[in-house]
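Asks: Spelled out from the first residue to the last, the chains are:
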Amino acid sequence: MLTLDALRAYGANVDDGLARCINNGDFYLRMVNMVLADKNFDKLKAAMDAGDTPAAFEAAHALKGAVGNVSLTPVFEPVCKLSDMLKGHTDQPIPSQCRLLAEEVFDQLEKARNL
Amino acid sequence: MNTDALIRNKRHTVLIVEDEAVNRELLSLILRDTYDVLIARDGVEALETLRAHPGRIAMVLLDILMPRMDGIEFLKRRAMDEALCRVPVIVLTSDRDAELQTLKLGALDFIAKPFDMPQIILARIQRIIEFVEDRQIIQDIERDELTGLYTRGFFFEYCRRLPAPKDGAKRDVIAVDVDHFRLVNEVYGKGFADGLLCAVADGLYEVAHEGFGIGCRADVDLFYLLLDHREDYEAVYAGLMARVHALNRQANVRLRIGVYTGVEDARPLDWYCVAAKAACDTIRGNYTRGVVLYDDSLHEKELYNERLIADMESAIADRQFAVYYQPKYDIRGEKPKLYAAEALVRWIHPELGFISPGAFIPLFEENGLIAKLDDYVWRQAAAQIRDWKDRLGVSLPVSVNLSRMDFYDPLLKDRLLAIVAENGIPVENLILEVTESAYSQNMDQMLKTVGELRQAGFHIEMDDFGSGYSSLNMLCLMPIDALKIDMKFVRNVATSATGYRMVELVIEMARALGVPAIVEGVEDEEQYRRMKQVGCDIIQGYYFSRPVDAASFEPMLKDI
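Sequence lines, in order, name chains A and B.
All residue numbers for the first sequence refer to my numbering, where the first residue is 1 and numbers rise by one.
All residue numbers for the second sequence refer to my numbering, where the first residue is 1001 and numbers rise by one.
Since the hints were derived computationally from the structure, they do not count as laboratory data.
Where a beta carbon is used, it is the ideal one built from N, C-alpha and C, also for glycine.
Some clues are possibly wrong.
[What the hints assert, rightly or not] Below, a list of computed lysine to aspartate or glutamate pairs in the EDC-like style, where the Cα atoms sit at most 16 Å apart:
{"#": "1", "chain 1": "A", "residue 1": "Lys39", "chain 2": "B", "residue 2": "Asp1019"}
{"#": "2", "chain 1": "A", "residue 1": "Lys87", "chain 2": "B", "residue 2": "Asp1095"}
{"#": "3", "chain 1": "B", "residue 1": "Lys1532", "chain 2": "B", "residue 2": "Glu1334"}
{"#": "4", "chain 1": "A", "residue 1": "Lys43", "chain 2": "B", "residue 2": "Asp1019"}
{"#": "5", "chain 1": "B", "residue 1": "Lys1413", "chain 2": "B", "residue 2": "Asp1375"}
{"#": "6", "chain 1": "A", "residue 1": "Lys87", "chain 2": "B", "residue 2": "Asp1179"}
{"#": "7", "chain 1": "B", "residue 1": "Lys1488", "chain 2": "B", "residue 2": "Glu1504"}
{"#": "8", "chain 1": "B", "residue 1": "Lys1372", "chain 2": "B", "residue 2": "Asp1409"}
{"#": "9", "chain 1": "B", "residue 1": "Lys1010", "chain 2": "B", "residue 2": "Asp1036"}
{"#": "10", "chain 1": "A", "residue 1": "Lys81", "chain 2": "B", "residue 2": "Asp1095"}
{"#": "11", "chain 1": "B", "residue 1": "Lys1166", "chain 2": "B", "residue 2": "Asp1265"}
{"#": "12", "chain 1": "B", "residue 1": "Lys1335", "chain 2": "B", "residue 2": "Glu1525"}
{"#": "13", "chain 1": "A", "residue 1": "Lys39", "chain 2": "A", "residue 2": "Glu110"}
{"#": "14", "chain 1": "A", "residue 1": "Lys111", "chain 2": "A", "residue 2": "Glu77"}
{"#": "15", "chain 1": "A", "residue 1": "Lys87", "chain 2": "A", "residue 2": "Glu58"}
[As the list claims (entries may be wrong)] From the structure, some residues in chain B lie toward chain A, with a derived Cβ separation under 7 Å:
{"#": "16", "residue": "Glu1020"}
{"#": "17", "residue": "Ala1021"}
{"#": "18", "residue": "Asn1023"}
{"#": "19", "residue": "Leu1026"}
{"#": "20", "residue": "Pro1114"}
{"#": "21", "residue": "Phe1115"}
{"#": "22", "residue": "Met1117"}
All chains should be built: construct the whole structure from the sequences, respecting the hints.
Replies: Following this line, the structure appears as structure tokens:
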């Protein structure tokens, strides 16, 4: 079961996330769960697989805000880099570096989902 | 005016436009203790929600990247809608590049993603809502609601901040006034009167945009315009009158323009505006001139008037005002018989000498000082009635004037009764003269007050009848004891058959009302003869005597 301690151990900036949720722990955990179930992760995966740069950017950009808001740092950092890297290159093929970042995003997502 | 904006503590509604559920939930959590929150998932929903709640939403928090309609498109649509573009928008973004574009499209601020701490978000929202409300309040009060011109205060404030004209160019200020606007309102109705004011405002707006110009509606029917110097004010006047005629060619409406040329920094602008207005007022009721320039003689006249106003109170204390008496003779019998006298005030100023009543009475009527002077004259006249009674055994009724201002005093009747009681004279000996124009200015109030005065025993004479705008219906309703016919009628009696017939008709009116007809301004034998011939009851005028002081009047008391 997802707990604040487990999230802390995972590397999330729980204090930051909690402050954003007016220190309402239950609400914060609910938000984290919502983020972990965000459909944009599926969209990102599909876009990466299909080499659809604009769709990948859109999904990464959306995740950047949501993941950042719950301070899920291990996911936020690669998704943020991914979004920034894809931005401005949506008319080009997805760079290989982005694939590595996407893999890190999904690895960290998996870990978080298993907390 | 948007009154909601004036209620600072009211709970506002914020619309969150965001496709990410987490962001929506988080913002809702942060806002819900302070604001009512509405949610839209994209730009389309946001527009629908705004239109469904006109005037309710105080703030939009707008995401940029959204399905169906993104934030950029939303801002573009909002900018094209007059109602929607008043609602402030804060953009939610993690993309700095979008900031400039959204600013250009009307966003007022940004909230970065991931979000700042809740207190910061709340503070930003509150600041923007207050800013927009303050701006709205200013917009609401800076413009006159009817005409769209600046209101008086904002006009002067904006003018004060204006840079000086380049290369020493001259500026003028004009005052535009609708002649007898109150009557226009009464005769043609409020709809027409409002349309008239808007037409004048539109005309001035056009004039202002021919060069530099800034204008305001300074009072009900008074406009000021500060503009580049020009010579063709007659053309400006013609343009404004053309707009008036376009409303209704038959309407008897005229404007007056007073112009002050060469406004300088030496004096505050309102001084020049007052000067232009003073110029404008010199052609009140003058149907041959529409434009008048302010000049030095006008300035001297103003200074003179200011002196009279400043000296008035001390003049009463120093008894500089002398009450003169002019006899009224009953000419119905074979021999004219003294019927009454009219008390008329004269000012013998220690430095300015004899001042004509025509110089100070209209001035005091305008600023309300007349009420004090009237009171002084009433007391003097009442004391004189008593003095003649005591010394000479003669009870001569004396009429005094009641000004329009006197009727604003709810204690008028009590004051007059007190004066009568203090002097121990019969109420009917202090006759009250009320001008016809006073009746027509606030008819219901006048009828009520005059009715009460008559009930208290005072006799009322309607003064200057024929100079105002009474309808026959109004005349029937007026509680009066005598009709004083305006002296203008007398002047025409000897020279024109129509003039003669007019006096005859007015005297017939007096007969119909069952009251005597008094004619004033009878100066010579010929006029006297004709007045007697036409059936006039009472005569006042130089033919019998000019107004004289009480001592000089006394020999006439033997004619009673």
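Asks: State for each hint whether it applies.
Replies: Hint-by-hint comparison with the structure:
This hinted pair checks out: A:Lys39 and B:Asp1019 have alpha carbons roughly 12 Å apart, not beyond 16 Å. At most 16 Å may separate the alpha-carbon atoms for a hinted pair to count; A:Lys87 and B:Asp1095 meet this at roughly 10 Å. For a cut-off of 16 Å, the pair hint linking B:Lys1532 to B:Glu1334 stands: about 10 Å separates their Cα positions. Between the alpha carbons of A:Lys43 and B:Asp1019 the distance comes to roughly 14 Å, so the proposed pair stays at or under 16 Å and holds.
At roughly 12 Å between alpha-carbon atoms, B:Lys1413 and B:Asp1375 fall within 16 Å of each other, so this suggested pair holds. Note on A:Lys87 and B:Asp1179: the hinted pairing is violated, with a Cα-Cα distance of about 69 Å set against a maximum of 16 Å. For the suggested pair B:Lys1488 and B:Glu1504, the alpha carbons sit about 14 Å apart, so the restraint of at most 16 Å is met. Pair hint B:Lys1372 plus B:Asp1409 holds up; C-alpha atoms about 12 Å apart against a cutoff of 16 Å.
Distance hint between B:Lys1010 and B:Asp1036 is fulfilled; the C-alpha atoms sit about 11 Å from each other, no more than 16 Å. For a cut-off of 16 Å, the pair hint linking A:Lys81 to B:Asp1095 stands: about 13 Å separates their Cα positions. Annotation: proposed proximity of B:Lys1166 to B:Asp1265 holds, straight-line Cα distance about 14 Å (limit 16 Å). Between B:Lys1335 and B:Glu1525, the direct Cα distance comes to roughly 14 Å. Compliance with the 16 Å bound is thereby established for this hinted pair.
For the proposed pair A:Lys39 and A:Glu110, the alpha carbon gap of about 14 Å is at most 16 Å, so the pair holds. For a cut-off of 16 Å, the pair hint linking A:Lys111 to A:Glu77 stands: about 15 Å separates their Cα positions. Pair hint A:Lys87 plus A:Glu58 holds up; C-alpha atoms about 9 Å apart against a cutoff of 16 Å. The beta carbon of B:Glu1020 comes within 5 Å of a beta carbon in chain A, closer than 7 Å, and the hint placing it at the interface holds.
For the restraint placing B:Ala1021 at the interface with chain A, the shortest Cβ-Cβ distance is roughly 6 Å, inside the 7 Å limit, so the hint holds. Satisfaction of the interface hint for B:Asn1023 is found here, the shortest Cβ-Cβ separation to chain A being roughly 6 Å, below the 7 Å cut-off. A distance limit of 7 Å between C-beta atoms decides the matter here; for B:Leu1026 the minimum to chain A is near 5 Å, and the interface restraint holds. Because the smallest distance between the Cβ of B:Pro1114 and any Cβ of chain A comes to about 3 Å, under 7 Å, the interface hint for this residue holds.
Satisfaction of the interface hint for B:Phe1115 is found here, the shortest Cβ-Cβ separation to chain A being roughly 6 Å, below the 7 Å cut-off. A cut of 7 Å between beta carbons decides the hint on B:Met1117: the least distance to chain A is about 6 Å, and the hint holds.
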